[in-house]
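K.L.:
So you can see what is in the structure, the chains are spelled out below.
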Amino acid sequence: DTGVSQDPRHKITKRGQNVTFRCDPISEHNRLYWYRQTLGQGPEFLTYFQNEAQLEKSRLLSDRFSAERPKGSFSTLEIQRTEQGDSAMYLCASSPRPTAPSTDTQYFGPGTRLTVL
Amino acid sequence: AQSVSQHNHHVILSEAASLELGCNYSYGGTVNLFWYVQYPGQHLQLLLKYFSGDPLVKGIKGFEAEFIKSKFSFNLRKPSVQWSDTAEYFCAVNPNSGYSTLTFGKGTMLLVSP
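Residue numbers (the working numbering), protein chains in the order written: chain A, 2 to 118; chain B, 9 to 122.
Honestly, the hints are just simulated from the structure, not real lab data. Among these hints, one or two may not hold up.
[As the list claims (entries may be wrong)] Computed footprint of chain A on chain B, listed as stretches where at least three residues anywhere in the stretch have a Cβ under 8 Å from a Cβ of chain A:
(1) 45 to 57
(2) 96 to 102
(3) 108 to 120
[Stated by the list, open to error] Far from chain B by the CB rule (all over 10 Å, computed), these chain A residues:
(4) 18
(5) 23
(6) 32
(7) 84
[Claimed, not checked] Stretch by stretch, here's where chain B covers chain A in the computed footprint (C-beta under 8 Å, at least three residues):
(8) 43 to 50
(9) 109 to 118
The structure displayed is predicted, hence computed values, not measured ones. Glycine included, C-beta positions come from ideal geometry on N, C-alpha and C.
Okay, chain A solo, but in the shape it has when bound (with noise of 0.2 Å):
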């Protein structure tokens, strides 16, 4: 399978922990997006690469969240002291260089699921 993926796929923890989730976009997507999932929601936007580049995070829901690429393939995503609230699916996503302006595509991984007790 070449499709996106994530590791791990679920994570408990107690609050207070920092816990970190890795992404794996899919082969030569130059772009990497992460989203927060809560139940009965959609999936919400938090930052996004391109390459190794952090082009957008403002998104982050707190300084205690913070994402990386260092060499424009696999990211990490780290939440710090984590608390219940941020239990949640995370989700990561990839597109390729798109072929016309404006017409990027992305496709999904499965999600790590975060449990904070």
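Starting from the structure of chain A, add chain B where the hints point.
P.N.:
Relative to chain A, chain B alone:
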């Protein structure tokens, strides 16, 4: 800020019934429009997309959607649903310029009874 509204949170249909799921968005400029589907236990998959051109777009598995610019709508349709169409359906929009971030609706859970 743009927003997406999906009118029905839950829809229950019998097999062979026709389906129409509503989606309206609020954004003043040109947009790209998408429908994603999430089957039970699976990840989000692209069903169809609209960038420009013919406002009636066809997707996978017999789905289609019509973009009506004057109504800011992008409704999803299928003439005859199957049990295997049971899933959650999400409408999403991004501006046709600038960042490629998607704004999603809350989703519609479709249950098709055999």
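K.L.:
According to a criterion of three or more residues whose C-beta lies within less than 8 Å of a C-beta of chain B, is the stretch 43 to 50 of chain A covered?
P.N.:
holds (count 5)
K.L.:
Please confirm whether residue 18 of chain A is truly not at the interface, meaning its C-beta sits more than 10 Å away from all C-beta atoms of chain B.
P.N.:
holds, 26 Å
K.L.:
Tell me whether the statement that chain A covers the stretch 108 to 120 of chain B is true, taking a Cβ distance below 8 Å and needing three residues at minimum.
P.N.:
holds (count 8)
K.L.:
Does the stretch 96 to 102 of chain B contain three or more residues whose Cβ lies closer than 8 Å to a Cβ of chain A?
P.N.:
holds (count 3)
K.L.:
According to a criterion of three or more residues whose C-beta lies within less than 8 Å of a C-beta of chain A, is the stretch 45 to 57 of chain B covered?
P.N.:
Answer holds; 6 residues pass the 8 Å Cβ test.
K.L.:
Classify the label on residue 23 of chain A as holds or violated, using whether its beta-carbon is more than 10 Å from each beta-carbon of chain B.
P.N.:
Holds, since 16 Å exceeds 10 Å.
K.L.:
Examine the stretch 109 to 118 of chain A: at least three residues should have C-beta closer than 8 Å to a C-beta of chain B.
P.N.:
With 4 residues in contact (Cβ-Cβ under 8 Å with chain B), the coverage given for the stretch 109 to 118 of chain A holds.
K.L.:
Beyond 10 Å from chain B, beta-carbon-wise, is residue 32 of chain A?
P.N.:
For residue 32 of chain A, whose nearest Cβ neighbour in chain B is about 7 Å away, the distance does not exceed 10 Å, so it is violated.
K.L.:
Would you say residue 84 of chain A is clear of chain B, with no C-beta pair closer than or equal to 10 Å?
P.N.:
Holds, since 23 Å exceeds 10 Å.
Violated hint: 6 only; the structure is consistent with all others.
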